[in-house]
Amino acid sequence: MTLLELVLFLPAIGFLLTLLLPRDNVKLIRAFTLAVALIVFLISLGLIGPVQADPQHMQFQTNVTWIQSPAIRYHIGVDGLSLWLVLLSTFLTPLCILVSWNSIQKNVKLFYAFMLLLLSGVVGVFISLDLFLFYVFWEISLVPMYFLIGIWGHEKRIYAAVKFFLYTMAGSMLMLVAIIWLYVKSSSFDIPLILNSLATGRLSFTPTEGLWMFLAFFVAFAIKVPIFPLHTWLPDAHGEAPTAGSVMLASVLLKLGAYGILRICLPLFPDAAKASAHWIIVLALIGIVYGALVAMVQPNMKRLVAYSSVSHLGFVVLGIFTFTHFGMDGAVYQMLNHGISTGALFILVGLLYDRRHSLEISDYGGVATVAPWLTTAFVITSLASMGLPLLNNFVGEFLIMQGAALAYFPWAVAAAVGVILSSVYMLWLIQRAFYGETPEAVRSHFLKDMTAREWAVVLPLIAMMLWMGIGSGTFLPAVRGNNEQTLNLVLKSNLNARGGVRNAAPVTLAGRAMRPELKESADAR
Amino acid sequence: MPGNYMPSAAELFRFAPELLLTAAGTLLMIFEAITSPKQKRGLPVFAFLALLAALVLAVVGAADPGPAFSNMLQVDGFATFFRVLVFAIGAMTILMSTNYLKQAEHEGGEYYALVLFSIIGQCLMATANDLIMIFLGIEASSIATYILAGYLRDDKRNNEAALKYFLLGSFATAFLLYGVAWIYGTTGSTNLTEIRRLLLDPRNAPNAILIGGALGLVLVGLLFKVAAVPFQSWAPDVYQGAPAPVSGFMSVGPKAAAFAAFLRITMWGFEPAKIHWAPVLCFVAIATMIVGNFAALRQSNVKRLLAYSSIAHAGYILVALTAASKTGTEAAMFYLTSYAAMNLGAFAVVVHIARKGEKHVEIGDLAGLGNRQPLTAAIFTIFLLSLIGVPLTGGFFAKFYVFKSALDSNLIALTIIGLLNSAVAAFYYLRLIVTMYMQAAPDGVESLPRPSAGVQCALAVSGAATIVLGVFPSLVLDIASRGASFIR
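Protein sequence lines correspond, in order, to chains C and U. Note that the first sequence ends on residue 525 in this note's numbering; no numbers are left out. Note that the second sequence ends on residue 1488 in this note's numbering; no numbers are left out.
Okay, chain C solo, but in the shape it has when bound (with noise of 0.2 Å):
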């Protein structure tokens, strides 16, 4: 068994034996799950090394026949692209069952057992090379996410339950079309397997075929990422969700979208990616700016920062569909950015909500006089998410901007509207909910300030943050390889360019030209 099945089947055999535990004794449940996770999370660290070595092959291969006829294989493996997602899963799990620590009474057991199977489904998406079992990670991701929104969510809970899983399922029921499709093409499920014929010539589509393909997968993930305007049921599953749940939701699901873009979209269907691009591209600035417009408007926390999620996931869309290096770079490295920073701000505005057990930005003010050390962790974390320099989400929109710069000069523009509208709405909301008077109500709710253990959840988080801001150089290489080689793939179909690879050439020159120099001013960070 290697070290990628032990992090992909601890969590799903962890399940298990939750299920087993006695449901009566709460605090057994919470410190099995945590050690659990903990001890996924430290497994999953041994990844690092052998991936990075050698980031643009598949690393901790299995590849054995699961089914016969059709041919399913249990086939996975991490590469640069995965390793941090990956990561990411295992970092936020064991933080997200320590803050829902207190905050589950009913059905606790339930709860903690779903957080390690939505640990198995999430990771198995990300290490999946065969198409099929990719799609039965996919979904088997979503029935316990369905579960945390519906059963310990807040009151609108079910309705969001039921939309999330709805519009979800609505999606994968195409990807299930364009899989199996692809299979009586190809007959085969196995990613590698089929872009080496497609390599080869030995598998070809036509415009037409490739163009319903890419698009029955693209809608499934776009649903997932969300593209507007496929982002509805979102506000509402992150409004509803419990913390933990918004947090998995946010930092991880929403990549699997993404993820899938680029693992699945772009390399088995460059053609139709690229004559997509234009539009694809329009949806993701109109998400970026939308979703910042009204996240500005909302007057509850969770949905200001869901909002701002399809704004900063317009970001990740934007950069990939601008195909060059800069904006490949930078999408992957916005997606694990956004991971850490929305996820801790659903984290604080948890922490919030189990004070003063409201979720109005009204029912707030003055919290900076009552708790300063909460107030300074978020004004910390909404400073990241805003873009500040020193930060994460800088290196990441910046890396963007500067190729959706190269690639067509009024999308930057565009974009960067939405980073001036993302300062505009987090700044809004911590001056309101922080400063100012302190009513009474919030006065005898903010009995304490940071606890230990809330300190042990978002301590990491902040650090993740800098680190990630100054550091980049330690999480950039390993993604490089990867984009590259979907770069490539994009950019030598045979098709006229169009949209998003106007100048497809001379930004590729200067994106190798300039990458010694985006190292160093990385370091020089």
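Don't read these hints as lab results, they were simulated from the structure. These numbers were taken from a predicted model, which means no experiment stands behind them. Wrong hints could be hidden among the right ones.
Derived Cβ-Cβ restraints for the label pairs, each shown as a range [to be verified]: (1) LEU447(C) / GLY1364(U): 32 to 42 Å; (2) LEU1167(U) / ALA71(C): 49 to 59 Å; (3) PRO1272(U) / THR208(C): 25 to 35 Å; (4) PRO22(C) / SER1447(U): 18 to 28 Å; (5) GLY1444(U) / GLN68(C): 47 to 57 Å; (6) LYS106(C) / LYS1326(U): 50 to 60 Å; (7) PRO1449(U) / PRO22(C): 18 to 28 Å.
Each residue gets a CB set at the ideal place from its N, CA and C atoms; glycine is no exception.
Dock chain U against chain C, hints included.
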């Protein structure tokens, strides 16, 4: 062998499971009359063991496939597959029924005898290679099921269900029989192998219009039996009215057998004419999926909801039939197996929560089940997820194979409609899960006793089967694929 109608030993052996069950059913009737009430407890055990023995005989008999009774029956891999399936369904039904009948104060040997007789009919439908034999099988199975549907004779809903089922059912079988007469008139035979030979022979091809009309009449009868649109309207009323274990049995047993006959008629006898019947089935499949799923959205009674869901599932299976290929046949066989596991399981839960007089079969009665009986709720959730088609359950691979066979035959639009339908279906199954886990039980709710031993067994077996089919589908698919080619 003209003139010699004495069956050989080999033929009798091929027919042994049916013979055994006939004897067992008859004995049950006699025991019912002569045993004391206390001894009657043994009757379901006897029926259960008879079914297991028949299952073993069927498996053993599969070693020597071949025709029986002047080619009226064809004991091949296909027949064995469905025989084993209906025997297992019968055994599960008995497990679900014992405590239910005790609560209803209607224990009796004749119930189990009727189950056995119905299963004999279904066996005949699966093995029949002759239209007359198929008709006899359908009748044997249906008549027993009509009585079962009205078994609690003091219950108004039972009576209504039985009468409705009987009137509409006999009407539909009449269509089938009329179609058989037409076919005999046109081709001079009722034997499917003969008919196939005739259809394949370009020199004396029968009149296409007559054959088409005849096949249409046969299809009416079959579509009625599988509750496909536009002949589905009986199913919700009958499933809702009949005793819960019988509804569970009807939703899988007669349906599996009817599909077996359906497959043998379309994919063997009338396979040469598939360009004529496949488009018809395509429309029926689309209509059935849509009507079943959308009608289920608005149901508040769990039995009725499962009835509409069962209509929708018949639609998915019809997609596999529309594919009109060997992979389609395999997919349908796999679907029926996993559908039997998950749907019987779901009905076992209904039997459990319904209690005396079936007073608790509204969706609201499930409220808080996740807290009150976590294990039952968890298993029910597995069945529901399987009915939705979530991976690692049998229902997922069932759908997967069906839609793969459809895409293999280039039925792209049908596949997309079908899969979007299953997204719609997710909504009403989720409603049950929502009620179990996300709504608290109302105050002062009657306490729910533990599931009876029989129901526990049924839940465990069908739950395990659902998971195993979802993780190792090849176990069943390989057998299905060997059976799907019939005997040439």
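Here is what the structure says about each hint:
Under the hint 32 to 42 Å, the C-beta atoms of LEU447(C) and GLY1364(U), about 41 Å apart, fit the expected range. Roughly 50 Å separates the CB atoms of LEU1167(U) and ALA71(C), a value that falls within the hinted 49 to 59 Å. As the Cβ distance of PRO1272(U) to THR208(C) is approximately 34 Å, the hint placing it in 25 to 35 Å holds. At roughly 22 Å, the beta-carbon separation of PRO22(C) and SER1447(U) lies within the given 18 to 28 Å, and the hint holds.
For GLY1444(U) and GLN68(C), the Cβ-Cβ distance of about 55 Å falls inside the hinted range of 47 to 57 Å, so the restraint holds. Evaluation of the 50 to 60 Å hint for LYS106(C) and LYS1326(U) yields a pass: the beta carbon distance comes to about 52 Å. Restraint check, PRO1449(U) to PRO22(C): a C-beta distance of roughly 22 Å satisfies the suggested window 18 to 28 Å.
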